[in-house]
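Respectively, the protein sequence lines represent chains H and V.
Note that this note's numbering has the first sequence beginning at 1, numbered continuously upward.
Note that this note's numbering has the second sequence beginning at 249, numbered continuously upward.
These are computed hints drawn from the structure, not numbers from a lab.
A couple of the hints might just be wrong.
Simulated crosslink set (DSS-like; lysine-lysine; CA at most 30 Å straight-line) [what the hints assert, rightly or not]:
hint	chain 1	residue 1	chain 2	residue 2
1	H	K11	H	K111
2	H	K11	H	K152
3	V	K340	H	K92
4	H	K152	V	K340
5	H	K14	V	K340
6	H	K201	V	K256
7	V	K340	H	K6
8	H	K111	H	K92
9	H	K92	H	K6
10	H	K196	V	K442
11	H	K2	H	K92
12	H	K6	H	K152
13	H	K196	V	K256
14	V	K256	V	K340
15	V	K340	H	K229
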Amino acid sequence: MKFNLKVWRQKNAKADGRLVDYTIDNINVDMSFLEMVDVLNDELIRKGEDPIAFDHDCREGICGMCSMYIDGRAHGPHHAATTCQLYMRTFKDGDTIYVEPFKAKAFPIIKDLAVDRSAFDRIIAAGGFVSVNTGQAQDANSLPVEKEAAEKAMDAAACIGCGACVAACPNSAAMLFVSAKISQLAMLPQGGPERKNRAIKMVEQMDAEGFGNCTNIGACEAECPKEIKLTNIARMNREYLAATIIDE
Amino acid sequence: MAYTALFKSSIGKKLLMGLTGLFLITFLLVHASINAMIWFQDGGVTFNKWAHFMGSNLIIRTMEWGLFFGLILHVVDGLMLYAQNRAARPVKYAYNRAGDNSSWYSRSMALLGTLILLFLILHLAHFWVKTRITGIEKYGLDTENQENLFAVMQEVFRSGLVVAIYVAGCFSLFWHLLHGFKSAFQSLGLNHVKYNETIAVIGIAFSIIVPFVFAMMPISMHFGLVR
Ligand code: SF4
Ligand code: FES
Chain H
1 MKFNLKVWRQ KNAKADGRLV DYTIDNINVD MSFLEMVDVL NDELIRKGED
51 PIAFDHDCRE GICGMCSMYI DGRAHGPHHA ATTCQLYMRT FKDGDTIYVE
101 PFKAKAFPII KDLAVDRSAF DRIIAAGGFV SVNTGQAQDA NSLPVEKEAA
151 EKAMDAAACI GCGACVAACP NSAAMLFVSA KISQLAMLPQ GGPERKNRAI
201 KMVEQMDAEG FGNCTNIGAC EAECPKEIKL TNIARMNREY LAATIIDE
Chain V
249 MAYTALFKSS IGKKLLMGLT GLFLITFLLV HASINAMIWF QDGGVTFNKW
299 AHFMGSNLII RTMEWGLFFG LILHVVDGLM LYAQNRAARP VKYAYNRAGD
349 NSSWYSRSMA LLGTLILLFL ILHLAHFWVK TRITGIEKYG LDTENQENLF
399 AVMQEVFRSG LVVAIYVAGC FSLFWHLLHG FKSAFQSLGL NHVKYNETIA
449 VIGIAFSIIV PFVFAMMPIS MHFGLVR
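Could you put together the complete structure from these sequences and hints?
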């Protein structure tokens, strides 16, 4: 397959970026999008040009590193898939494909398509610790968890911190991510002791990082590779409001 | 935690947006119901009676201040959200297919809100300023010797341009409500399979019916369908 690529090239966070045209041929239909960029980079290196910087790690849809804004969508046109799980057969031979980094003030560009998402790490860190009992190993059933809550907490915990929600959001809001992280602990007894403090601290950190404000557009939910639901944001609102209004 | 910190937070701002939005929605309902009395075909007698009650009752006049306050909060909070959200993405995408994952009106609340606000200024100049400040004596009294707001409406809506602007204002309101109604509940943390559908259905019905009723007022006045 043959493609025309328009790739965002940017030296560093301060430099201005721009789209650069590349054409690439002999691409196998079963290659992933990242493999296609590998092939392109290989060609660039052979020509003595600067290869395109991009993030990746697991290449199996679980690490969340592969941030690319492909053809106007976070992680490309597929529903519930990361960039590494996007295959070239999705496109038509001869297609022109735009490739940009995730763009948000809180995700400064490191180089080309690689962005700094450590704001997410700082939000997680702001959430603090979870109290657990040490000492003798407990009996597995000593902490009963309601089935429904366990399922919902597990669904929220599926978030891989990829940042597609921020990238897709017209407001660059991070609420889907933060709400998933707050929810996964809020619904389990293990998350109980620090529950209120955690909600306040994580929301404060989210706001301090310069993400936008959520206006319930729902683009995040539509683009999330792990299908994290908007119900988590409603839950976060409740958690935060309960912690701020009801508590002194 | 201090309330100022709450309302400075992103969640506090959306809470304020939702609460003031729902408050304004209740106002729309009252406003539409009372104004619908122009269709009683009694030369505006019933309508004028209610208009007079709304304009003279002390409790309602006090609530009017609450209404303005709620409106201003909604507008200021909305503009603040808009400015902050624009700033959160200083460099735009060169190619963006936002329409693939969200509706245009949910992304255009600030624009629709601004259109509604502009309409509102004109609307207040047409009626509120006349009834509350300058007085409408020159329009004479109706058959029951009441102040004739009905006559003011008839005169304002004689102009086709004014009618067109009012109808456009109603369309903006329709789309603003279509997103705003259900959005308010989500912001308050009310999202549950048990009642989500009910909220969605009521939201759509409200967004259609209320602006439609409003739009029909200038239209039926202009074409002499009410007497
Ligand atoms: S909520 Fe979804 S889109 Fe956002 S960081 Fe988590 S997995 Fe990625
Ligand atoms: S590279 Fe790990 S999710 Fe794509």
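Violations among the numbered hints, reported as their numbers in ascending order: 2, 4, 12
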